[in-house]
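2 protein chains.
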Amino acid sequence: MATRYKMTMAYDGHLFHGFQLQPDQRTVQGTVEDALKKMTKGKRIIVQGSGRTDAGVHAVGQVIHFDYPGKTIPANRMILALNSMMPTDIIFNDCEIVNENFHARYSIKGKWYRYRVSLDHFVNPFKRFYTGHFPYVLDVEKMQEAAQDLLGKHDFTSFAASGGQIEDKVRTIYYVNIVKDEKENEIIFDFIGSGFLYNMVRIMVAALLEIGNGRRPIHDLKRVIAAKDRQEVRQTAQASGLYLYHVFYDEIPQKYRLD
Amino acid sequence: MATRYKMTMAYDGHLFHGFQLQPDQRTVQGTVEDALKKMTKGKRIIVQGSGRTDAGVHAVGQVIHFDYPGKTIPANRMILALNSMMPTDIIFNDCEIVNENFHARYSIKGKWYRYRVSLDHFVNPFKRFYTGHFPYVLDVEKMQEAAQDLLGKHDFTSFAASGGQIEDKVRTIYYVNIVKDEKENEIIFDFIGSGFLYNMVRIMVAALLEIGNGRRPIHDLKRVIAAKDRQEVRQTAQASGLYLYHVFYDEIPQKYRLD
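Protein sequences, first through last, are from chains L and C.
Mapped onto the numbering used here, the consecutive letters of the first sequence carry residue numbers 2 to 260.
Mapped onto the numbering used here, the consecutive letters of the second sequence carry residue numbers 2 to 260.
Hints are computed from structural coordinates only; laboratory data are not their basis.
Where hints are given, some of them may not hold.
What the hints assert, rightly or not - In silico DSBU-like links for lysine-lysine, alpha-carbon gap of 30 Å or less:
id : chain 1 : residue 1 : chain 2 : residue 2
1  : L       : K7        : L       : K42
2  : L       : K184      : C       : K7
3  : L       : K184      : C       : K256
4  : C       : K184      : L       : K7
5  : L       : K184      : C       : K42
6  : C       : K143      : C       : K223
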């Protein structure tokens, strides 16, 4: 007898070696599994995330599931119990009891990533862990136009870092939006897609910044996608600017379907 | 022969043991003095701040001065040289060559402190080092009305932590403003005054939060000021929410003179 919990969490990734459990490293999965082990007096409960995030990458809406043995704990009590055991860089914001058909990874309909780029001349001390940094000329409208070339179903081999184990590199991007936050002096990139390959968002951001800076032609991404060659984009934007913003388990809302 | 530099800096205070030099502790003053020592090949140059900030307290516009020996380095080169030697939690944003009448501390006409309070139910991982936290009922208009009682010239003994060495506890507060940032779900407190006693801003914020929460009468600060007794306010808001926002060396602008 076990109860399946779906939990939504935020974390500041800068002091974690990523989401995935690694021996002798501070990871998000390891931190949550340690807490569950205390709650169950020593049982190992496997925490399944919607996907990994790399070292330094943040989450606003990461989703996990796990099967908790024994007597069912109400969702509101589970959230309080886990939050009371979390370090201050992890917080659970939502908890639901779900049936065994729900799977944090396999039930995904889409993911939303956000990337923040600070335009400050020098690295802002308050943003060093929370943004990428690009203190150069940048044409936002140009990037927004270029980004439309990413929409739709494509083989994204050119945007996949080596190290990913997935063979099928076809993904669908439903929505891309790039805006300037004047108050914060930042560019905010939003990407919603069926899924993203290893480092794909950070590589897309790096390519878009090159276009915005005039170092690539505006519609170069069409060519890059067609080339299916990672050498076409050598840069990867810093981990510090990336946020797993939301995971969709229902159909992507119509307003986010530009494809 | 030496040249006096006035420099404006921002720092993320969460990994510093405050501004003031302390043996075997990481401090802002110590970090800047170490860099200057390298530039002068071993000379100790004393860095004078506008005032201290405590461990965990931040600065958006701290001001320092120091006398640099030998040949004058242009201001724009001094800022680049120092920034290249700073850790990422300190940044110099402005540099001016000033005459010897300028003194970072004694030339002050006023100071502006900001305090940020997060109203999130749980501590937000991204704000844990950058805000105070008050997840309770809070009436902003009530606090704004109460804060007007702080304006003007008063003996602020009731708002001074022990540990301050200053005998004269009379200060003038020119401007207080309290607003809710709906997007961030935060309350922003701004205080501009002739000067502030040790922990004075954090104690004022603690008292105002008690009023906003209904635990003190709205005009209780009048009574507290008159009492001249620190026991009247036992709380001190967390260091993490406090920012030295600006130091005035000219007269306080008229728009900030509500007193």
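- Message: Hint by hint, where does the structure go against what was stated? Just the numbers, ascending.
- Response: 5
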